[in-house]
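In the order they appear, the protein sequences are chains A and B.
Just so you know, we're using full-length UniProt numbering here: the first sequence kicks off at 1 and counts up by one.
Just so you know, we're using full-length UniProt numbering here: the second sequence kicks off at 1 and counts up by one.
Since the hints were made in silico from the structure, they are not lab data.
There may be inaccurate statements among the hints.
Among the chain A residues that face chain B by a calculated CB cut under 7 angstroms, a handful are [claimed, not checked]:
1. Arg55
2. Phe56
3. Gly90
4. Thr91
5. Gly92
6. Leu96
7. Ala97
8. Gly336
9. Asn346
10. Gly369
11. Gln370
12. Val372
13. Ser376
14. Ile378
The structure displayed is predicted, hence computed values, not measured ones.
All C-beta atoms, glycine included, are put in the ideal place defined by N, C-alpha and C.
There are 2 protein chains.
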Amino acid sequence: MAVNLPLPIPENLIAVAGIELGHAEAGIRKANRKDVLVMKLAPTATVTGVFTKNRFCAAPVQVCKEHLSNRKAGAPIQALVINTGNANAGTGESGLADANATCAALAKLLGCEASQILPFSTGVILEPLPVDRLVAGLPQALSNLKADNWYNAALSIMTTDTQPKAASRQVKINGHSITLTGVSKGAGMIKPNMATMLGFMATDAKVAQPVLDHMVKQVADRSFNCITIDGDTSTNDSFIVIATGTSALEINAIDTSEYTALADAVLGLSQELAQMIVRDGEGATKFITVTVEDGMDVEECRKIAYSIAHSPLVKTAFFASDPNLGRILAAIGYAGVDDLDVSKLNLYLDDVWVAKNGGRNPDYNEEDGQRVMKQSEITVRVKLGRGKAEATIWTCDLSHEYVTINADYRS
Amino acid sequence: MAVNLPLPIPENLIAVAGIELGHAEAGIRKANRKDVLVMKLAPTATVTGVFTKNRFCAAPVQVCKEHLSNRKAGAPIQALVINTGNANAGTGESGLADANATCAALAKLLGCEASQILPFSTGVILEPLPVDRLVAGLPQALSNLKADNWYNAALSIMTTDTQPKAASRQVKINGHSITLTGVSKGAGMIKPNMATMLGFMATDAKVAQPVLDHMVKQVADRSFNCITIDGDTSTNDSFIVIATGTSALEINAIDTSEYTALADAVLGLSQELAQMIVRDGEGATKFITVTVEDGMDVEECRKIAYSIAHSPLVKTAFFASDPNLGRILAAIGYAGVDDLDVSKLNLYLDDVWVAKNGGRNPDYNEEDGQRVMKQSEITVRVKLGRGKAEATIWTCDLSHEYVTINADYRS
């Protein structure tokens, strides 16, 4: 059950010139299921990405990083290949060989080098990738390649997601109409640290490589790196931005108004895609925004916001619509901000002032708390009273359904 | 449902000379429920404790710390008073006044100073303590005072616990028979950081104050500070050791064989009481021991052990008896040990070698994993291959019942 997540309408997803998408049913884990996606890029495209910091980062993530950092002049990235049903993580040397074999097979079909392919996987960890079935599915994916195929792309990367996640927007920059379209997936094992599992976004702007590299980090830190469902940072998180370069808009420097305009648009779309993941969080019934203000620095604001967002007791209280808000204070208290003076702390639930100077606000009454807790969208606002920094994290509640999904996921 | 937690048998709990316990039904939150406990100490007793590091530490914890650190000569701690049903945390200045009023009321009844009383509370956070009902219940508790009342003491401090937790042991030290008896409580909001909510232990040995202070920290770090149920560090955690001094055994220094013998016995009983809390963890169906070995230092071993123990995905896999063990690798990978070389890592589930040098052990087969996952007691053993340190954490699984309990706790 997703929280206020509108189903993407295929017609609303705008093709981005310079990128074609093709899907296949390769039977990676289950039959008759779209489980392979190929994204083919124009030779003018620049590509960048950020990846999980999990030390058990998956074999395809390692290969992606290598292919992105060792690019040769004249050998741009030509295609991305994504499979679901198997994460190819915790698979050691043979997993790396499988990821490389996938790139080699697609490169052969496209007539390029293996190093011009980026591979991605998502699914169960610690099981060997069925590389033969994956490779056998590639011709079917290539036969489906077309520009207006973003809806099928969103379908093809789903695992425990209940809905495909995709969005488009168009912005005018310097008189040029620029298109941005992206897809994302993920519903469990979601607490991205650098990026999320998996987000892909394309724009037709022409963006110089170092500029795009700068933008993806800036954007990830304010979108995909601000969501959490269960605190489990995945082995496969990847967020990729592609600038196909087919538009006349050219961005070669960061300190330009064009950069700011495009970065804002990319950020807006990234936040929308990231929030879609939370809205479809495993078992989610509530969408929670946690904002921590007046901190000494962003890091301590994030620490406290994550502490609230990860507390099973806070999450189950949201599920129950129970204003047992002392649990939020406890989570703030153990967040690890050792010199926090709780007597300066104020807590709000939407417009309701719950805790004042570290204690219960005398004017707070439980009916007001109850009213907000019953909503499907709730903002928790903490004011630390010790500085000017702030941070926002998006999360969901913890329900019976989460346990059901994760106790049944493989079987 | 508790995991292999034998119900304590009242006759097996051995009275400790120099300490009497009295309980009352004060109606703190619900009627007809033992919810107040008084522990009265002999004037020869030394008392020490460790308390939560949660910044929102409860009013009674603040008062305990003050009374323990500002002791005057000739004015030893005379009694402890514990209530359930209300945590008196997140209650600001009025909460402190309530805790002090409780001490003053009991001191008046006992004919001592308020500073000779230690107060403890456990229950809902952010609600005012019903101090009038608590004070009104004290005479009843005093009328029940007796030495062989440990079973009722264990009953009186329960909240969401399904069973009382108590244990005794006797050890011979230097020819003296020494008794140790303790009680503990807690089933949710359990990830003690210094101590747990709540553990009380008494021995009849005579132990000098600085020696007892040293012992409690040493013991807490290897017992109550090694358990977690949901990662939520409480506002009220307290672990108290009382040496009543009625035995002829006198311990005045740390570097003695008597100290070691007593500390070992205290540790053994503390681990038993701490593990009882995990066995009765909210919704627990499995008791899990996580041991991380061959680390660079204890801190990194604990980081990784907690990361596994807190992962909702790992915990739900245990609940489902599903050997989806890649989730354990993911939790190891995001634990925050940034230079971890996963190619040196090995993972065992009881006697089954699951991951070898960072990948799936070629000899591992899922039937073996399945067999262990079905057990009610499971040991996860991680070998990091980078040093000689190790750490052990005890935890439980995450079940539907956990969500049910915490979505219903207050209502």
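Hint check:
A least Cβ separation of about 4 angstroms between A:Arg55 and chain B falls short of the 7 angstroms threshold, and the interface hint therefore holds. Checking A:Phe56 against chain B by beta carbon gives a least distance of about 3 angstroms; that is within 7 angstroms, so the hint holds. Of the supplied interface hints, the one on A:Gly90 holds, with its beta-carbon coming within about 4 angstroms of a beta-carbon of chain B, less than 7 angstroms. The beta carbon of A:Thr91 comes within 6 angstroms of a beta carbon in chain B, closer than 7 angstroms, and the hint placing it at the interface holds.
A cut of 7 angstroms between beta carbons decides the hint on A:Gly92: the least distance to chain B is about 2 angstroms, and the hint holds. Taken as an interface hint, A:Leu96 does not check out: its beta carbon lies about 10 angstroms from the nearest beta carbon of chain B, beyond 7 angstroms. The interface hint given for A:Ala97 is broken, as the beta carbon of that residue sits about 11 angstroms from the closest beta carbon of chain B, more than 7 angstroms. Proximity of A:Gly336 to chain B is violated relative to the hint, the smallest CB-CB distance being about 9 angstroms (cut-off 7 angstroms).
Hint status for A:Asn346 relative to chain B: violated, with the closest Cβ pair at about 12 angstroms, above 7 angstroms. Because the closest C-beta pair between A:Gly369 and chain B is about 10 angstroms apart, greater than 7 angstroms, the hint is violated. Given hint, A:Gln370 at the interface with chain B, is violated; its Cβ is 10 angstroms from that chain's nearest Cβ, farther than 7 angstroms. Of the supplied interface hints, the one on A:Val372 is violated, with its beta-carbon coming no nearer than about 15 angstroms to a beta-carbon of chain B, more than 7 angstroms.
Given hint, A:Ser376 at the interface with chain B, is violated; its Cβ is 16 angstroms from that chain's nearest Cβ, farther than 7 angstroms. Below 7 angstroms, beta-carbon pairs count as interface contacts, and A:Ile378 has none with chain B, the closest being about 15 angstroms; its hint is therefore violated.
Against the hints set out earlier in the document, violations occur for numbers 6, 7, 8, 9, 10, 11, 12, 13, 14.
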